[in-house]
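Residue numbers (this note's numbering), protein chains in the order written: chain D, 1 to 112; chain B, 113 to 224.
Think of the hints as simulated: they come from the structure by calculation, not from any bench. Mixed in with the good hints, there may be bad ones.
[Stated by the list, open to error] Simulated restraints, written as ranges between beta carbons of each label pair:
id, chain 1, residue 1, chain 2, residue 2, range
1, B, 209, D, 18, 45 to 53 angstroms
2, D, 83, B, 192, 40 to 48 angstroms
3, B, 209, D, 108, 25 to 33 angstroms
4, B, 152, D, 28, 33 to 41 angstroms
5, B, 124, D, 7, 29 to 37 angstroms
6, B, 140, D, 110, 37 to 45 angstroms
7, B, 183, D, 10, 42 to 50 angstroms
8, B, 139, D, 41, 33 to 41 angstroms
9, D, 28, B, 142, 27 to 35 angstroms
10, B, 209, D, 70, 21 to 29 angstroms
[As the list claims (entries may be wrong)] Derived lysine-lysine pairs resembling DSS-like cross-links, with alpha carbons at most 27 angstroms apart:
id, chain 1, residue 1, chain 2, residue 2
11, B, 223, D, 57
12, B, 208, B, 223
13, B, 223, B, 190
14, D, 13, D, 57
15, D, 57, B, 208
16, B, 208, B, 185
Heads up, the beta-carbon is just placed ideally off N, CA and C, and yes, glycines get one too.
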Amino acid sequence: KAGVTQTPRYLIKTRGQQVTLSCSPISGHRSVSWYQQTPGQGLQFLFEYFSETQRNKGNFPGRFSGRQFSNSRSEMNVSTLELGDSALYLCASSLRSVTEAFFGQGTRLTVV
Amino acid sequence: AQTVTQSQPEMSVQEAETVTLSCTYDTSENNYYLFWYKQPPSRQMILVIRQEAYKQQNATENRFSVNFQKAAKSFSLKISDSQLGDTAMYFCAFMKGNDMRFGAGTRLTVKP
Numbered sequence: 001k002a003g004v005t006q007t008p009r010y011l012i013k014t015r016g017q018q019v020t021l022s023c024s025p026i027s028g029h030r031s032v033s034w035y036q037q038t039p040g041q042g043l044q045f046l047f048e049y050f051s052e053t054q055r056n057k058g059n060f061p062g063r064f065s066g067r068q069f070s071n072s073r074s075e076m077n078v079s080t081l082e083l084g085d086s087a088l089y090l091c092a093s094s095l096r097s098v099t100e101a102f103f104g105q106g107t108r109l110t111v112v
Numbered sequence: 113a114q115t116v117t118q119s120q121p122e123m124s125v126q127e128a129e130t131v132t133l134s135c136t137y138d139t140s141e142n143n144y145y146l147f148w149y150k151q152p153p154s155r156q157m158i159l160v161i162r163q164e165a166y167k168q169q170n171a172t173e174n175r176f177s178v179n180f181q182k183a184a185k186s187f188s189l190k191i192s193d194s195q196l197g198d199t200a201m202y203f204c205a206f207m208k209g210n211d212m213r214f215g216a217g218t219r220l221t222v223k224p
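Full structure from sequences and hints, please.
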């Protein structure tokens with residue numbers, strides 16, 4: 001069974017641009033969560049989607065948004081990028097709720 | 113709000129010896145889940161062990177075991193017979209509902 005796939009693995013963007021990250025969950029998993037990992041703030045929860053609906057949201061500005069498609073694949077969008085958005089963005093999928101989350105390898109975003 | 117504290121930023125252990133990583137958390141909830149995740153240099157978060165709060169028995173997975181003290185809100189991870197491949201960042205996580213919170217992590221180095 002294939003694991004959680006995140007694309008792209010690395011990304012460099014300029015301040016003010018927007019970016020879209022993609023996450024394909026494990027087949028059959030309907031819950032997808034997104035996390036931001038930085039050296040200063042550690043791992044922070046962004047949001048969680050289940051069956052195309054956002055079920056939970058962390059404390060991030062509205063520039064961070066996401067969606068989930070009918071095939072459970074999820075995208076995360078960050079608009080008007082700031083230098084502080086440079087981070088590793090991790091996606092995790094689980095069968096129903098987050099009782100056992102499987103993580104992807106992340107997308108390393110660098111904002112210059 | 114739930115918080116997770118890992119008071120040991122870095123630890124080291126000799127190969128084949130035992131090491132314990134500490135984690136405390138703060139919550140007013142009675143039912144929740146606790147996790148230990150491992151993040152090797154490959155960046156992928158790997159679930160090491162999971163504990164349901166309603167279970168009094170400490171979880172064990174091969175060389176990994178936890179000491180779960182619910183009243184003290186403590187959830188330490190013991191790694192026995194440490195191996196070089198155990199070198200990684202270890203994150204303690206608390207989950208209630210669909211919201212998962214992580215500690216700042218402990219960097220463990222296993223020395224030959």
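Hint check results:
no.	hint	in the structure
1	B:209 <-> D:18: 45 to 53 angstroms	violated, 30 angstroms
2	D:83 <-> B:192: 40 to 48 angstroms	holds, 43 angstroms
3	B:209 <-> D:108: 25 to 33 angstroms	holds, 29 angstroms
4	B:152 <-> D:28: 33 to 41 angstroms	violated, 26 angstroms
5	B:124 <-> D:7: 29 to 37 angstroms	holds, 35 angstroms
6	B:140 <-> D:110: 37 to 45 angstroms	holds, 39 angstroms
7	B:183 <-> D:10: 42 to 50 angstroms	holds, 45 angstroms
8	B:139 <-> D:41: 33 to 41 angstroms	violated, 20 angstroms
9	D:28 <-> B:142: 27 to 35 angstroms	holds, 31 angstroms
10	B:209 <-> D:70: 21 to 29 angstroms	holds, 24 angstroms
11	B:223 <-> D:57	violated, 40 angstroms
12	B:208 <-> B:223	violated, 36 angstroms
13	B:223 <-> B:190	holds, 17 angstroms
14	D:13 <-> D:57	holds, 25 angstroms
15	D:57 <-> B:208	holds, 13 angstroms
16	B:208 <-> B:185	holds, 14 angstroms
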